[in-house]
Amino acid sequence: MISLFIDTSLEDVSIALVKDDKKLSLIHENIPGKHSIYVTKYIDDILKENNLSPESVDEIIVVNGPGSFTGIRIGVTIAKMFAYLENIRIVTITSLKARVIGEKSNYLLTTIDAKHGNYYVGLYDENYNTIEEKFSNEEEIEKLINKFSPKIVDREKPYNIEEIVKYSKKLESENPHSVNPIYLKLPEAMEKKC
Amino acid sequence: MKDVYILAIESSCDETSMSIIKNGSIEIATVVLSQIDIHKNYGGVVPEIASRNHIENITIVLEELLTKANMNLDDITAVAVTYGPGLIGSLLIGVQAAKTISLVTGKPLIPVHHIIGHIYANNLEERLKFPLIALVVSGGHTELIYMKEDYSFKKIGSTLDDAVGECYDKVAKVLDIPYPGGPTVDKLAHIGKDTYNLPYPLDDNTYNFSFSGIKSAVINLVHNEIQRGNKINKEDLCTTFQNRVVTILTKKTMRAIKEYNVKTLVVAGGVSANLGLREKISEECQKENIHVSFPKLKYCTDNAAMIGAAGYFAYQKGVTADLTLTAMATDTIYKDW
Numbered sequence: 001m002i003s004l005f006i007d008t009s010l011e012d013v014s015i016a017l018v019k020d021d022k023k024l025s026l027i028h029e030n031i032p033g034k035h036s037i038y039v040t041k042y043i044d045d046i047l048k049e050n051n052l053s054p055e056s057v058d059e060i061i062v063v064n065g066p067g068s069f070t071g072i073r074i075g076v077t078i079a080k081m082f083a084y085l086e087n088i089r090i091v092t093i094t095s096l097k098a099r100v101i102g103e104k105s106n107y108l109l110t111t112i113d114a115k116h117g118n119y120y121v122g123l124y125d126e127n128y129n130t131i132e133e134k135f136s137n138e139e140e141i142e143k144l145i146n147k148f149s150p151k152i153v154d155r156e157k158p159y160n161i162e163e164i165v166k167y168s169k170k171l172e173s174e175n176p177h178s179v180n181p182i183y184l185k186l187p188e189a190m191e192k193k194c
Numbered sequence: 001m002k003d004v005y006i007l008a009i010e011s012s013c014d015e016t017s018m019s020i021i022k023n024g025s026i027e028i029a030t031v032v033l034s035q036i037d038i039h040k041n042y043g044g045v046v047p048e049i050a051s052r053n054h055i056e057n058i059t060i061v062l063e064e065l066l067t068k069a070n071m072n073l074d075d076i077t078a079v080a081v082t083y084g085p086g087l088i089g090s091l092l093i094g095v096q097a098a099k100t101i102s103l104v105t106g107k108p109l110i111p112v113h114h115i116i117g118h119i120y121a122n123n124l125e126e127r128l129k130f131p132l133i134a135l136v137v138s139g140g141h142t143e144l145i146y147m148k149e150d151y152s153f154k155k156i157g158s159t160l161d162d163a164v165g166e167c168y169d170k171v172a173k174v175l176d177i178p179y180p181g182g183p184t185v186d187k188l189a190h191i192g193k194d195t196y197n198l199p200y201p202l203d204d205n206t207y208n209f210s211f212s213g214i215k216s217a218v219i220n221l222v223h224n225e226i227q228r229g230n231k232i233n234k235e236d237l238c239t240t241f242q243n244r245v246v247t248i249l250t251k252k253t254m255r256a257i258k259e260y261n262v263k264t265l266v267v268a269g270g271v272s273a274n275l276g277l278r279e280k281i282s283e284e285c286q287k288e289n290i291h292v293s294f295p296k297l298k299y300c301t302d303n304a305a306m307i308g309a310a311g312y313f314a315y316q317k318g319v320t321a322d323l324t325l326t327a328m329a330t331d332t333i334y335k336d337w
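Chains G and L, in that order, are what the protein sequence lines are.
Per our numbering, residue 1 is the first one in the first sequence, and the count goes up by one each step.
Per our numbering, residue 1 is the first one in the second sequence, and the count goes up by one each step.
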């Protein structure tokens, strides 16, 4: 079973190949503003590096947000098109949950800076079930911390990709047509209208 | 010779479109998913909303296309995609989709300039005859291009500020005509009379255009009349405005035809649907015995069929890209590929 993991939600891009539960390769690069150029090439490179063809990929795990709007669209477009063309299993995981997987505690919390004093926050139980994933601010996050006393997972913590792949086995395969980014935030033009 | 089937993708603005074109001239099938009803609510295209819609539509449009064409990707020779110019967030979706198709199928990837696509829309009507002058008029472009042969481009003039289509939409806006107002201005212009005092935009001996002046003149005129408590005669103002614009477009185009000694004129882009422009240019071309070609109305707006037609000639010239191809919001380079 070959799994292709794609995360382009932040400045750091991660592309990984996992065979069964073992990581074959990982491409991890900090390429701010260059996702559009390199991500498809990285996928090509990682497959060739392992002497694998695109057809040999059995499933795709894609991080669908939150994060940079453009970043997540790049990863998700590639992932859904790849899965559609090869007719393979595709599952999505949020950038927040991907980071806490592999950590152990009754409650887990992590955040992503969304600029101007705003954050995306994710709160999970010990089985990584989502309690809260939303666009938030320091005050609200403080409340969550007081209420749940979660373990706070550092923003710099690298993904545990093998654990993510293991976790993703529990998820139901999605229809590539309906795999889309989760933004947790409306476009400004729509906010003004609301 | 083996038939060449190009799968083409266009997503530069608010249309998600894919098409399969045979040998640069025969449309096998095209799907266009327009978001116009969504953006209408905002009085224009909202880039972030456009990107969000493209990604939701992208695989659905491909599936619909393959079903409509009754083909699968094994039948395709190469994948062509609009890489620019346009809205960056919108272009990106098409480019990433095309790169993924190329990666998975191993088919060559062909980058197509949006304007070159508009010109080649005319090749879906009848084979282009060279040398020719192309007048490209749309919401984002106003350009005169000389083509010596297939896939050879020399830009001889362009707008220094607003594109002509953009100017039409702004004039429509000040007259409270709902977005997209350009076609309505054209309609009203056919009813009214040329009674207002408006300047001719950049009436000089270059091949460049400028439409911000006449746009401001219309806006000022409307505001002044409102302040004086006078009623605007929309039809007459549209007629006057359209006469000025069409006169200059036609005048400079006809001069280019003479100077470059060509017998063919190709009009392309969204504003090539404008009836006032079609009538005036056809009339002048008839006088001068110039063959003029306008795209079919369905090819005037953004569509992937034109990208497939252009993609074929790019492919013949050996124009391909690798997987590092990216989208470009502003790319005005016309190189001799």
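Derived by calculation from the structure, the hints in this document are not laboratory data.
Note that the structure is predicted; figures quoted are calculated from it, not measured.
Among these hints, one or two may not hold up.
[To be verified] From the structure, some residues in chain G lie toward chain L, with a derived Cβ separation under 8 Å: (1) LEU24; (2) ILE27; (3) GLY33; (4) SER36; (5) ILE37; (6) ARG73; (7) ILE74; (8) TYR84; (9) GLU86; (10) ASN146; (11) TYR167; (12) GLU174; (13) HIS177; (14) PRO187.
[Said to hold, decoys possible] Calculated from the model, a selection of chain L residues having no Cβ within reach of chain G, i.e. all distances over 12 Å: (15) ARG52; (16) THR77; (17) LEU92; (18) LYS99; (19) GLU149; (20) GLY192; (21) TYR200; (22) ILE219; (23) GLY318; (24) ASP322.
For every residue, glycine included, the Cβ atom is placed at its ideal position computed from N, Cα and C.
Checked hints:
Nearest Cβ of chain L to the Cβ of G/LEU24: about 18 Å, over the 8 Å cut. The hint is violated. For the restraint placing G/ILE27 at the interface with chain L, the shortest Cβ-Cβ distance is roughly 14 Å, beyond the 8 Å limit, so the hint is violated. Interface hint at G/GLY33: violated, since its Cβ lies 10 Å from the closest Cβ of chain L, which is beyond the 8 Å cut-off. With a least beta-carbon distance of about 5 Å to chain L, the hint placing G/SER36 at the interface is held under the 8 Å criterion.
The beta carbon of G/ILE37 is positioned within 8 Å of a beta carbon in chain L (closest approach about 5 Å), and the interface hint is therefore held. Restraint check, G/ARG73 versus chain L: the minimum CB separation of about 5 Å is within 8 Å; hint holds. Annotation: interface hint on G/ILE74 holds; nearest CB of chain L at approximately 6 Å, less than 8 Å. About 4 Å separates the beta-carbon of G/TYR84 from the nearest beta-carbon of chain L, less than 8 Å, and the hint is met.
At its closest, the beta carbon of G/GLU86 sits 6 Å from a beta carbon of chain L; the interface hint therefore holds under the 8 Å criterion. Here the hint on G/ASN146 is broken, as its CB sits about 35 Å from the closest CB of chain L, past 8 Å. A distance limit of 8 Å between C-beta atoms decides the matter here; for G/TYR167 the minimum to chain L is near 25 Å, and the interface restraint is violated. This hint is violated: G/GLU174 has a C-beta 12 Å from the nearest C-beta of chain L, more than the 8 Å allowed.
Hint status for G/HIS177: holds, given a least beta-carbon distance of 5 Å to chain L, under 8 Å. Contact between G/PRO187 and chain L, as hinted, is supported at the beta carbon level, the nearest pair being about 4 Å apart and thus within 8 Å. For L/ARG52, the requirement that its beta carbon stay farther than 12 Å from each beta carbon of chain G is not met, with the minimum near 7 Å. Look at L/THR77: its CB is around 17 Å from the nearest CB on chain G, clear of 12 Å, so calling it non-interface holds up.
Non-interface status of L/LEU92 relative to chain G is broken: a Cβ of that chain comes within 12 Å, the nearest being about 6 Å off. Residue placement check: L/LYS99 does not keep its beta carbon more than 12 Å from all beta carbons of chain G (closest about 4 Å). Distance check for L/GLU149 against chain G: the nearest CB is about 32 Å away, which clears 12 Å, and the non-interface claim stands. No beta-carbon of chain G is positioned within 12 Å of the beta-carbon of L/GLY192; the least distance is around 34 Å.
No Cβ of chain G comes within 12 Å of the Cβ of L/TYR200; the nearest lies about 36 Å off, and the non-interface call holds. Every CB of chain G is more than 12 Å from the CB of L/ILE219 (nearest about 23 Å), matching its label as outside the interface. At the 12 Å boundary, the C-beta of L/GLY318 stays outside the reach of chain G, the nearest C-beta of that chain being 21 Å off. Non-interface call for L/ASP322 relative to chain G: violated, since the shortest CB-CB distance, roughly 8 Å, does not exceed 12 Å.
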